[in-house]
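Visitor: Chain A is fixed; fit chains B and C onto it per the hints.
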Amino acid sequence: MSTGYAKEFKENSGRMSQDLTHRAVIKKALNAYEVKRDENRSKYLDWQEARQAAAEIKWEAVNHLDRYLLEMTEKLEARGTKVFWASNAEEARNYVINLSQEKKVQSIIKSKTMTSEEIHLNSALEKLGYDVIESDLGEYIVQLNEEAPYHLVFPAMHLTRGQIKEIFKKKLGSNTSDQPEELTMVARDIMRQKYLTADMGISGANFGVAETGMISITENEGNARLTTSFPKIHVALMGIEKVLPKLGDLALFLPLLATAGGGQQITCYNTMIGGPRLNDEVDGPEEFHLVLIDNRRTELLSDAEQRDALHCIRCAACLNVCPIFKSSGGHSYGTTYQGPIGSVITPHLRGLQDWKHLSLASSLCASCTDVCPVKIDIHHHLLHNRRNAVSQSPVWWEKIAFIGFTFATAIPALFQLSIKIARLLQPLHGLIKGSLIDPARAWTQTRDLPEIPAKSFRQQWKERK
Amino acid sequence: MNDSKDLILRRIREALKSPAPVPGGHDYSHAETTPTRPKPDLGSFRQFLPEVENDFNSQWSLLSKNFTALKTDFGLLDSKEELTRFVQELQRTENWKRIGYHRGGLTTPIIDSIQTEKVCVNDPYDCQDLEKCDVGISECDAIVAQTGSILITARSAGGRGLSALPPHHLILARTSQMVSDLPAAYDLLYQRYGQSYPSMISFITGPSRTGDIERIVVLGAHGPKKLTVAILKD
Amino acid sequence: MKIHLYVPCFVDQLFPKAGMAMVQILEKLGHTVEFEESISCCGQPAFNSGYWDEARKVATRTVEALESAEVVVIGSGSCGAMLHKFYPELFKETALSEKANALAAKTFEFSDFLVRKLGVTDLGAKFPHKVTYHDGCHGLRELGIKNQPRQLLSHVQGITLVEMKEAESCCGFGGTFSAKFPLISSAMGDVKCSSAVETEADYIVSSDSSCLMQIQGLLTRQQKPIKTIHLAEVLVSQ
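Residue numbers (the working numbering), protein chains in the order written: chain A, 124 to 588; chain B, 17 to 250; chain C, 352 to 589.
In isolation and in its complexed conformation, chain A is listed as follows:
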């Protein structure tokens, strides 16, 4: 682990792991979610079958991605949508920037889109002087606090109401109590005029629909509905992997996403948009632009073994059960997509050698795979990333160690000898235990070692014969 990213991760995650206040905040935030998730999951006639069906539908879509993308975009274009295919982040950003310049846009309102975080759209637009505001409450809070979203779905879950009150006071001059109702109303009041006066609304897309040429947006607050109703221009950003074959597939995916992601049966608003306002319609944007983003998703696609990682519907269920996430916190990852799925896909999206440490930072406990609503083989892909990183460029001392390991295990006598030496030395270990010169410090800093027993199993086995 030599990259700067790895070092930062190790430092930040180590520090956060010891932060008991942080742990308590996250635990409290997830408690209610867990109860509701289990309650709603139990309403399914068969949750496991629902997951399997979702996995199969996603498999069909991802493994015929060219066909479904063409179907979707042709349908969208036929009804007046402008589709832009962006091969990387820069192309996607430039498209939005050029459009804003061409249309003389001044203010932009956004509803939640992780894809825009991925391509760093806000900072690019702000640098050019555009007024960009996040309308999702959690996103708005972290935008005001000048930090990245902490979590894919709950961007501000690491902040307490008291901290949010202070952020509002400092940035907005508001003088409220720390009651969530009051704080929410502060944001509501600020945002209402923004929806009505913004020239451009930017949204994400949870799903694309090939059959009918639509995008589908899942939300609870209504900010996405407002963002896509009043501004003259609506721009939606969507990763190319989000397309589903049929409109009716949403009858499964909308509840699945809500249950896995928010512990709800279905979220408050699920909106399908198939174009700008039609001639016979009373309102809606005059222009609808869909920016389809590759940005190395095709890289992941070409890895057949891990292709199912593109099934991801960004529900964040795997983050919510991940003990690494709960200890390290979302910001330690330093990635747009945190948690187990982020650890799988980030090496593909941003380089294996730079990001392989995330795949190593796992006990492989499999809670993520267990909970994934589209049955991505998450924790096994962490193993695959480890293997690929090693075969691409092994770590020299590890390589030597494991060659030694194969050698030692090949000759049981040698293996036994090394254990015997350890046994003889163990009484002396107490003198340096946990100190900086302790070779076992990684372990002994926080934990005791077991005493090596006088006789191993195999010795006892031999003696008894």
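Don't read these hints as lab results, they were simulated from the structure.
Nothing here was measured: the structure is a model prediction, and the numbers come from that model.
Mixed in with the good hints there might be a few duds.
As the list claims (entries may be wrong) - Have a look at the derived ranges for each label pair, beta carbon to beta carbon: (1) K585/A to K353/C: 18 to 28 Å; (2) K166/A to K148/B: 37 to 47 Å; (3) G210/B to K151/A: 46 to 56 Å; (4) A416/C to V233/B: 51 to 61 Å; (5) E378/C to V233/B: 54 to 64 Å; (6) Q502/C to F530/A: 36 to 46 Å; (7) G121/B to K166/A: 27 to 37 Å.
Said to hold, decoys possible - Derived BS3-like pairs (lysine-lysine); straight-line CA-CA distance at most 30 Å: (8) K21/B to K355/A; (9) K578/A to K368/C; (10) K588/A to K578/A; (11) K241/B to K150/A; (12) K575/C to K585/A; (13) K81/B to K151/A; (14) K150/A to K575/C; (15) K585/A to K353/C; (16) K166/A to K249/B; (17) K292/A to K96/B; (18) K166/A to K242/B.
Note that CB positions come from ideal geometry on N, CA and C, so glycine has one too.
Guide: Coordinates of chains B and C only, in the frame set by chain A:
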């Protein structure tokens, strides 16, 4: 601006030359096979989604339960007169000074019976006027018993803004509009709009809400703080 | 039945009592126990670190040494998962593929073997203590073992089994993970330990000695009153 359509499609086709393992397992040994059982579709979803019984009474009771849990207010009204009185009563208690609405079989006669300032979204309207409305009154396409959702489209519910902007969204519907579950709702969309879909379709499930502050639910984040469904028996 | 007992290197060197207890139980049930001395490790450390070539070399010896075994019983969910689930992947498209699959098919985790294969749940043990059970991740989520150890415990005389809230949460060990990311690993272990302490049990029981090493290591350091013990040791207690 030229886009990278061809490049991306080329990359995709190149990537898909190697087949992916079957979905939903850890078995990497059958990489060449595609899923063998029939593809899951709308009809088969009912085998695993939350169950909804077939008769009206069970569906109604499930719907009422869902409405209550979601904090959606609702009323079941025996006649058009009762429906009118229900809306008038709401106007009185909430002291509506301005109403947003669209013209429709259920809405028009009732709106006509109410004396107050009105914004009709069928005519070109100023969104600032709609913003000052106390309520948006619309119709809908269907009501979903399984989830307590209201299915609206730009065509059935007066466009996009009426149901999203005012602080109270009142939906006028008929019992015959109740469908059992989400697959049935999508069936209805296929039937009704298959030839030409409205530009916006939405399932509304309860008043706007957020849990972004300590995961505590607060109603009325950005959309309507209140959602009422008045259902006429037919 | 002639049973080949696979004793994980952990158990062999650090927790031989657990291994001997398994021998005792299987023999008491009338089976012949064999132990293959040429095997010292399943190769999991190398496999989990990404060194699959090295892991394959180590695993090859296991596959070959156990080729003629009738049935392999393994005293750990983690090594069990390695043999049962990961050997087939490791040897995929190699000359040993078939043999690895055959080994996987005849390999059973200890508690799973007793309950599902032998149909035994009552071993006549006595253990008059309050215990809580820790589900090792590999046993639970790779092999689907949940009720088997609990069924075995429920027939132990005098025992009280109380479930902890975090029974299914990872203890934080994760092999080399525990040394590469010691602070995350320990934080995870703390969650486990606190949850176990909350039950006021005397013992944390598990089928995985590696998990127990992590848990006991934290408990001893923090001077917490609860102790750890392998399931097999409980099942031979009198």
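Visitor: Looking only at beta-carbon atoms, does the pair G210/B, K151/A fall within the given range of 46 to 56 Å?
Guide: Since G210/B and K151/A have Cβ atoms about 47 Å apart, the given range 46 to 56 Å holds.
Visitor: With a cut-off of 30 Å on the C-alpha distance, tell me whether K575/C and K585/A pass.
Guide: Status violated; Cα separation ~36 Å.
Visitor: For the pair we were handed, K81/B and K151/A, check the Cα-Cα distance against 30 Å.
Guide: This hinted pair holds, its Cα atoms lying about 28 Å apart.
Visitor: Quick one, are K21/B and K355/A close enough, alpha carbons at most 30 Å?
Guide: holds (26 Å)
Visitor: Taking the beta carbons of G121/B and K166/A, is their distance inside 27 to 37 Å?
Guide: holds (35 Å)
Visitor: If I claimed the Cβ atoms of E378/C and V233/B lie 54 to 64 Å apart, would that claim hold in this structure?
Guide: With a Cβ separation near 59 Å, E378/C and V233/B satisfy 54 to 64 Å, so the hint holds.
Visitor: Are the Cα positions of K150/A and K575/C separated by 30 Å at most?
Guide: This hinted pair holds, its Cα atoms lying about 23 Å apart.
Visitor: Next pair to validate is K166/A with K242/B; report whether the Cα-Cα distance is within 30 Å.
Guide: holds (26 Å)
Visitor: Would you say the C-beta atoms of A416/C and V233/B sit inside 51 to 61 Å of each other?
Guide: holds (59 Å)
Visitor: Do the Cβ positions of Q502/C and F530/A conform to the proposed distance bound of 36 to 46 Å?
Guide: At 42 Å between Cβs, range holds.
Visitor: Taking the CB of K585/A and the CB of K353/C, does the distance hold inside 18 to 28 Å?
Guide: holds (19 Å)
Visitor: Does the structure keep K292/A and K96/B at a Cα separation of 30 Å or less?
Guide: violated (50 Å)
Checked against the numbered hints given earlier, this structure breaks hints 12 and 17; the rest are met.
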